[in-house]
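*Asks:* Sequence:
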Amino acid sequence: MGLRRLLCCALLVCGAASAQVIEFESGGLKYLTLTRSGFTVMFAHITAHVREYAIIQAAVSNGTPSTRTVRPEDFRFVRPDGTVIPASTALSVVSEMVEKGGRSDVIKLVHAYEVALYGMDRFRITNGYEQRRQAAQAAGLDSSRIKAGAAASALVLVTTRLAPKQSTDGAVFFNTGGKPLGPGKLVIRSGGDLFEFPTQ
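So that you can map any letter, position 105 of the sequence shown is 99 in the working numbering, and since no number is skipped, the others follow by simple counting.
Read the hints as simulated data drawn from the structure, not as lab findings.
Treat the hints loosely; a few may be bogus.
Each computed DSS-like pair below joins lysine-lysine, with the alpha-carbon atoms no more than 25 Å apart [what the hints assert, rightly or not]:
{"no.": "1", "residue 1": "LYS173", "residue 2": "LYS94"}
{"no.": "2", "residue 1": "LYS24", "residue 2": "LYS102"}
{"no.": "3", "residue 1": "LYS24", "residue 2": "LYS179"}
{"no.": "4", "residue 1": "LYS173", "residue 2": "LYS102"}
{"no.": "5", "residue 1": "LYS173", "residue 2": "LYS24"}
All chains, please: the whole structure from these sequences, using the hints.
*Replies:* Here it is, written out as structure tokens:
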């Protein structure tokens, strides 16, 4: 329930600021948000890393009159030296967790993401992590690697078609060899719009 209110607040601020990156804090995390053509993207860095991945928590809302598709592959991180780190696909993240994940990976994944998600007190997602988490729990899995894969599949940002007024959220994974993303800029391309967020 809180997540939707947060995005509504971000939409109002962004609308007033006319395509300007807005920074705000919620639940101890620093978020950046930007709206272009009625489509809003917001994200925060998740401080924990899992295996080789640095992770961000992203939320998007479609305020345009047409359907938009959101994919993790639309995200990339550009370092000051020009090095580009593309976001990993949802399938590759889940596959790695199934092959190599363990109990500690499940705990890290779920804890880090839920701190980010439930720390946001003004945002409600129409189809995102909470629905995927409940489906994964209902599966009743035994193996720790399968549980790690299920946890990853619940929280990773998956390819989603958003109708007007719909929103979604998810974790976006960047393979950084287990190091933080560091300074640079997060770049997202969606429906012909380019979103650029400078980060420290």
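*Asks:* Now, for every hint given, state plainly whether the structure supports it.
*Replies:* So, going through the hints one by one against the coordinates:
Annotation: proposed proximity of LYS173 to LYS94 holds, straight-line Cα distance about 18 Å (limit 25 Å). Taken as a hint, the LYS24 and LYS102 pair is honoured in the structure, with Cα atoms around 20 Å apart against an allowance of 25 Å. Among the hinted pairs, LYS24 with LYS179 is consistent with the structure: their alpha-carbon atoms are about 15 Å apart, no more than 25 Å. Restraint check for LYS173 and LYS102: satisfied, since their Cα atoms lie roughly 15 Å apart, inside the 25 Å limit.
The suggested pairing of LYS173 with LYS24 holds, with an alpha-carbon distance near 19 Å, which does not exceed 25 Å.
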